[in-house]
Structure formats: C-alpha cells, structure tokens
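Here is how the chains run, residue by residue.
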Amino acid sequence: MQNSPSPIPSQSQQVASGVCRQGSRVALLGLLFAACFILSFSIGRFPISPVQVVRVLLSRIFPLEQTWTKQMEIVMLNVRLPRIIAAALIGAALSVSGSVYQGIFKNPMVSPDILGSSAGAGFGAALGIFIGFGYLGISLSSFLFGLAAVLMACAASVKFKENPMLGLILAGIMIGSLFSAATSFLKLVADPTNQLPAITYWLMGSLASIRMSDVKLLFPTMLLAAVPLYLIRWRLNLLTLGEDEAKSLGINTWALRAITILCTTVLTSASVAVSGLIGWVGLVIPHFARKAVGPDFRYQLPASMFIGASFLILVDDIARILATSEVPIGILTAFVGAPFFLHLIMRGGKES
Amino acid sequence: MNISVNGISFAYGTHQVLENIDFTLTPGHLTFLLGPNGSGKSTLFKCMLGHRRPQAGAVSLDGMPTTGMSPAELAHRIAYIPQISTPTFNYTVLQAVLMGRTAHMKLFSTPSAQDIRIAYEALERLGIRHLADKGSNQISGGEQQLVLIARALAQQAQVIIMDEPTSSLDYGNQLMVLSQMKSLCQDGKLVFLSSHNPQHAMAYGDDVLVLYRGKVWRHGTPQEVITREMIHQVYHVDVAILQYTDDAGQVRHMVAPIQGGR
Chain C
1 MQNSPSPIPS QSQQVASGVC RQGSRVALLG LLFAACFILS FSIGRFPISP VQVVRVLLSR
61 IFPLEQTWTK QMEIVMLNVR LPRIIAAALI GAALSVSGSV YQGIFKNPMV SPDILGSSAG
121 AGFGAALGIF IGFGYLGISL SSFLFGLAAV LMACAASVKF KENPMLGLIL AGIMIGSLFS
181 AATSFLKLVA DPTNQLPAIT YWLMGSLASI RMSDVKLLFP TMLLAAVPLY LIRWRLNLLT
241 LGEDEAKSLG INTWALRAIT ILCTTVLTSA SVAVSGLIGW VGLVIPHFAR KAVGPDFRYQ
301 LPASMFIGAS FLILVDDIAR ILATSEVPIG ILTAFVGAPF FLHLIMRGGK ES
Chain L
1001 MNISVNGISF AYGTHQVLEN IDFTLTPGHL TFLLGPNGSG KSTLFKCMLG HRRPQAGAVS
1061 LDGMPTTGMS PAELAHRIAY IPQISTPTFN YTVLQAVLMG RTAHMKLFST PSAQDIRIAY
1121 EALERLGIRH LADKGSNQIS GGEQQLVLIA RALAQQAQVI IMDEPTSSLD YGNQLMVLSQ
1181 MKSLCQDGKL VFLSSHNPQH AMAYGDDVLV LYRGKVWRHG TPQEVITREM IHQVYHVDVA
1241 ILQYTDDAGQ VRHMVAPIQG GR
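Respectively, the protein sequence lines represent chains C and L. If you're matching positions, the first sequence starts at 1 in the working numbering and goes up one per residue. If you're matching positions, the second sequence starts at 1001 in the working numbering and goes up one per residue.
You may find that some hints are simply not true.
[Stated by the list, open to error] Simulated restraints, written as ranges between beta carbons of each label pair: (1) C:Phe160 x L:Thr1086: 22 to 30 Å; (2) C:Phe62 x L:Arg1117: 44 to 52 Å; (3) L:Gln1016 x C:Ile173: 34 to 42 Å; (4) C:Arg25 x L:Gly1013: 47 to 55 Å; (5) C:Ala181 x L:Tyr1012: 31 to 39 Å; (6) C:Phe160 x L:Pro1036: 25 to 33 Å; (7) L:Tyr1235 x C:Asn252: 35 to 43 Å; (8) C:Ala258 x L:Ser1009: 27 to 35 Å; (9) L:Lys1182 x C:Lys161: 52 to 60 Å; (10) C:Leu188 x L:Ala1072: 50 to 58 Å.
[As the list claims (entries may be wrong)] If you only want the chain C side, here are some residues facing chain L, beta carbon under 7 Å, derived: (11) Lys161; (12) Glu162; (13) Ser180; (14) Trp234; (15) Thr240; (16) Asn252; (17) Glu326.
Hints are computed from structural coordinates only; laboratory data are not their basis. For every residue, glycine included, the Cβ atom is placed at its ideal position computed from N, Cα and C.
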C-alpha cells in the first residue's frame, strides 16, 4: 500500500469535482425548470410577452409600476398559474415515483402504475362520476382507490416468501387488471349521454379543469409523500442491489420498501386523482434523469423532479395550443413516451 | 472476532438442508467452504448472515448470539460479498464502495467526507483507486469483484463472507482475488469463502471446511482435509495429491485430476 505524500488534498479534490459535476447539473436542470415555468405563462390563446410575465410575477413581491392590463393579470394568475403549478407537481410526482420504482424493482422498464395504483385510481374516479359525486368527491374516491389497489397488491404478495418483489409485481398486475375490468364494466352500465363521456375524457388525462383549490390540496399531499423519499435518498440506492446484499449492508429492506411504496403510491394516486391517467411520464423521465446525473438517488431524485416538472409543463403548453379544443394531455405524453419506449426495447433496455 | 456456528439445523419445508452444523472460525484465517452443489453452502451463509433463521442452533460472534442484532449491528461485524452480477444501474465505483458505509450512517444521512475518505482508502488498499469515477459496467469482471471487496473493507467488519468469488473470473483474476483475500487475513480479518475448486483451497486456505449432505464432513488444514478419499467420497471423482517444492524451497501440495478416473 503505497501512500502518496499528500493523499488527502487530492482525494478531497476528486470528491469535490465529482460532487460538483452532478450538483451543478441538478442546478442546471432547476434553471431549465424555472425557465419552463415562467415562459409557460406567455403561452396560450391570450398573448402575454415573457417580459410582462416576469413583471407581473415580480409585482407580487416588489412594488412595480403597473404596465399590464387587469385582464392579463387575471389570465396569468387565475387561469394559467394553477394549471402550470399542477403540471409541475404532477410531472415531478410521476417522475420521482418512476425513478424510485425502477430502482427498487431493479428494472428500468417499470413505471409507477405497476402495482395497480393508476388502475385503482382510475376506477375510483369512474365510480365517483357514476355515483354522481362532485369534483372533490371524484378526486377523493380516485385517491383512496389508488391507495387501496396497492395495499391489496401488497397484501396478496405476502404469500410469496421466496421472491417477494416478483410476488408484488405479479399481484400488482392482477389487481390492476381487476380494477381496469371494473372500470370497463362501469363504462358499460354508465349513462351514455353524460356519464360515459365524462368517464372516458377523465381517463384520458387532462389538466384543463384544474383550479387553485386543487393545487392547495395537491401541494401539501405531495410534499408529505416526497419529503420521506428525499430523506432516505441514500438508502434507496441500496434497494437496487440484491436482497441479501442490501440486508448485509445493514439496512432493514422490508421497512424501507414499505415506506417507499407507501410514499410513491400517495404521489401517483394524488396525481391521478386531479389529472386523470397521464401515462409514460413515470417510465420515460427517469431514463433522462439517469442520463444526466447517473443512478445515485442523491442526484437522480431532484433531477427526475425537475425534468418531469419541465416536461409536463411543456406538454401541457402543447395541449393548450395544439387544436381549437383541448387535446387530453395523456394522449400527448403517450405520443412522446411510446416511441421512446420502443427505442429502449430496441437497445435491449440497457443503460449507457 | 470469532464466529461460531453452534448446532445449526435448517429445513426448507420437509427438506432438511443443514443438520447440526457446529464449527468456530478464528481471525487471521482464510477458511474455504467446499461441498458439491446442493450441499447447503448458500443456506449456511444465509444463516450466518441472519437472512435465514435456523430451526435449531445459533450463530454467535465472540460468544454473543447474532439473533438479537439489528441489520446495522450485524453489518458492523459481518460483511458479505456476493457473486458478481451485472448491475442494473451504472453506479460509479466510488458510489458502489460508499454503499458499504451505510451501516455507519444515520438513517437520513448521506456519505460524509469521512465516509468518502474511508472508501478511497479501501480502493487504495486494493490498488483500484484510479477506477473511482468509472461506471460499474465499464470495468472488467476482476475489477468488479475487487470493487465488492473494497465495499466490504469500507464496511469495516471483522468477518467477511464470500460466495464463490472466483466463479466468473478468468484464471489470472481468480488468483489475484484469492491472494488479496489472503493478505486481508494477514491483516487480521476473518474470511470465509465458498469455492468449487479444491486446488484453490489447497493453495490459499488456512483451513478447509467440507459440507456434505447437510453436515460438516471434515474441518481442518488443507493437507488434512483435501485427500483422495475425501474428493472421491464428496465429488465422486479421482484425483492425485501431488507434492512439489516452490521457488522458496517450501513443500506444497496440488490437486491433480486423473483422466478417466471416474
């Protein structure tokens, strides 16, 4: 073991360079997100220049001379703001869940609905519409059924002693298809003039009906689920290893997985509850995040969050302006996601 | 730190895998675990690592039973090096080694400067510090095995358990990994590794333990344990044990297959 005369400084330099590289990339992605966030206020049928956007936003904090019309302010703050925040929150939530799921299932082809949370939440919403709940009731029913689906999958998987993760995936797929079948049944028996179109449109996913009151519910719920995930970010790395390997490194794999699955389920179900089914984001964005900063969850989580938020904001901008009537955002994300997934399969699912 | 296995029995359902296993390993020794496929080597490791609870018997470290220990407490004492497998995600070598520090971190902590220093020292000890920033799938199989050993060193456990470390390595890397393990034992570690190659045990082992049909068949020095009779009984093949003198003038033994000797 030959020690160089001064190993410590060179070590810390190496460490610093490594940390800085990934840290600065995360910061860069944060800037990208901020740019998407601000520019999206100018996009839509009512034109507002980016300069005006910045001025209106700053005027909330600093006293600025009003150079904009009252109408601009209403469009920006009452119509566009809740929608942009919701797009950012949902994009971030789905991507973070996807990152974590791909990690703990050791499979880059997994998406956050693998355990049935989306199918459950979709059924919950359809049921809410069928019964005739109000908007809040539909969201709540959707959220609760999303949670219930995953809990059912977890309960069913307890029987698989030898390979718990495989058991969980199989149970999740089964529970998911049960709920999908139940949703189809509801569509069959729903009133075809009002309920059926409402269910169908809701399942396609859209942010058109988002209001500030939704955002006020969504934000704390997501924060509550995201904070624990961020706190255990280092330990999430160990869950990507083999079961015995992870245990022998000193973590309680069972407890860690339970917390992780609970938090990601809350994130996905809350997303589906306000926006309907928006697919592909949770599958595709984690790949971009790992390309940018590598698999280490200390960087992958924030990177996923920023890229996912930016991506969904941009896709929602497109949904707003593409056609005279709004295009459901779930359709647009699929148009981006499916070709990308095909690309992944053709490359054998390997990460570079 | 001694590790003792006291009267362990383990069964999967009605299939008895281990029966009243009893032995003690001491620090500074490299012990080989030999035994044919299905003899219970992996199950024995799982019991020693606390991943399986035996139906009878206990594992103890310096006389303290491991049953009451948390995963972190156990990880402070025993490190496990699995067979290398292609990682799903491309962690850097440094990140992979830092994972060995997890048991020393608080629940919500991330690696500290001290953890990073210890990880670099482990890489340095194995002569692969230059690989620190490489991705795990950019390095060779031998280097991957060294990274796992470095991770175990960073874990700072006295006992190291290794599952067939040489199974997927080329000849040069096999001998390189074994001599690294030998030198760790000379530093006072206790290494217990499973192998399918009696010659490796002969050349590098301080002790050999043969597991056969769920029982400890033999336990002793390589010369005592690795005999024509043992190999014939356990593996059903015929070998000759040859003697030779190495360059330092020391008499050594070698396991040589006899062609068509079955």
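- [ ] Please flag the earlier hints that this structure goes against, numbers listed from lowest up.
- [x] 9, 11, 12, 13 and 17
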